[in-house]
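Q: Next come the chains, spelled out residue by residue.
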Amino acid sequence: MSEVQQQGGGGKGDGKVRSKKSSTKIDMTPMVDLAFLLLTFFMLTTTFNKPQTMEIIMPEKPKEEEDQPLVNEKKVVTLLLSKDDKIYYYVGITDPTVEVTDFSKDGIRKTLLDYNAAIKDMTVLIKPADNARYKNVVDILDEMNITNIKRYAIVDITPVDNNLIKKKDGGETATK
Amino acid sequence: MTPMVDLAFLLVTFFMLTTKFAPEEPVAVDMPSSTSEIRLPDTDILTITISKEGSVFFNMDGKYTRATLLGKMGDKYGQSFTPEETAKFALLPSFGVPMNALKGYLDLSPEDRKLVKQPGIPCDSVHNELQDWIVMSRISNPKLRIAVKGDGNANYPVVKEVIKTLVDRKVNRFNLITNLERTAKAKE
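Residue numbers (the numbering used here), protein chains in the order written: chain A, 1 to 176; chain B, 177 to 364.
I should point out that these hints are in silico values taken from the structure, not numbers from a laboratory. Just to be clear, a hint being listed does not mean it is correct.
Said to hold, decoys possible - Pulled from the structure, derived: some chain B residues nowhere near chain A, Cβ distances all over 10 angstroms:
1) L186
2) A204
3) K239
4) T258
5) L268
6) K279
7) R289
8) V302
9) Q307
To be verified - Below, simulated DMTMM-like cross-link-like pairs (lysine to aspartate or glutamate); rule was C-alpha separation at most 20 angstroms, straight line:
10) K167/A - D106/A
11) K127/A - E337/B
12) K166/A - D84/A
13) K61/A - E229/B
14) K25/A - E213/B
15) K61/A - E213/B
16) K83/A - E229/B
17) K168/A - D102/A
18) K74/A - D121/A
19) K61/A - E261/B
20) K346/B - E60/A
21) K83/A - D288/B
22) K319/B - D218/B
23) K279/B - D308/B
24) K150/A - E73/A
25) K228/B - D84/A
26) K319/B - E55/A
27) K166/A - E99/A
28) K61/A - E337/B
29) K228/B - D130/A
30) K228/B - E337/B
31) K340/B - E55/A
32) K166/A - D121/A
33) K336/B - D206/B
34) K110/A - D95/A
35) K336/B - E60/A
36) K248/B - E229/B
37) K293/B - D344/B
38) K336/B - D121/A
39) K105/A - D95/A
40) K86/A - E73/A
Ideal Cβ placement from N, Cα and C applies to all residues, glycine included.
Here chain A stands alone, though its shape is the one from the complex (with noise of 0.2 angstroms):
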């Protein structure tokens, strides 16, 4: 803008030379504006990639046996998470009758949602086992957050819960 009124009073003889420069020399301070604004929008935008999390709470370790809250073993469910993104599930523990699925749409997501309408104030119990990899954790806590399920903990396998796998593995293999 300041270039353009510098030789204002000139004479007609120096038109030439004026057009000349002037052909050469381009305003650039819009581009450098746009420039900045392009800068100054790309740093305002850009989110750095923040990673997701899931905020577990996990339950204070109880003093004492006695503080333990007891459940309804009918309202029970427990869902065992073994290798090859299997999960086996069963309702209450006393002779339970275990059944098999994995982490797809129909497997799990189905089961507990239908557990979720049968059964009124259910409790997940997961236990994984020591062959579970922490991805099927992830999954399965996420289903209880997709299913809106509200009740459930996560637990220490027991030797009785691997008993149970081995027995469904063995009874599969069996009618194979």
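We have chain A already, so just place chain B on it with the hints.
A: Relative to the frame of chain A, chain B by itself:
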């Protein structure tokens, strides 16, 4: 020429700003995905990384709190760190070396440090250094939030040890870092 230089500077600035914050990790961690949409806060984060092989790595942000943390850990394990080592520790990315090897690890040059195979921080019931790191970090920075960043293929027993360590230290509330799942949520 000048506009080109301008643009070049612009790009340089842009790329500098966007790439600088990617933290270098000693191990590649393939996080499992979830539908959770809570974002991890930027500051006051203690990250416990669990690699595919099951080694545990520790990281905490905050340069100054890290310096106090190292001092406290040094006191606890009867080791003293020089100011240079403390300065190096303050800028260290995630690390997974036991206390007795930490001093040697800090004395390495940054290039050599990348080549070292880190065994992970011991966190089994016999020899649990992770719990001391957690306790001392929380003393150094009471606002700390704890995040567990595990590889999807890590075996569960390691995760169980880490969670047990956290619960034993009365950390009942923590975050699991996941990727965002692209699939749609179930209809409700």
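Q: Which of the numbered hints above does this structure break?
A: Going through the list in order, the structure violates hints 1, 10, 13, 14, 15, 19, 21, 32, 34, 36, 37, 38, 39, 40 and respects the others.
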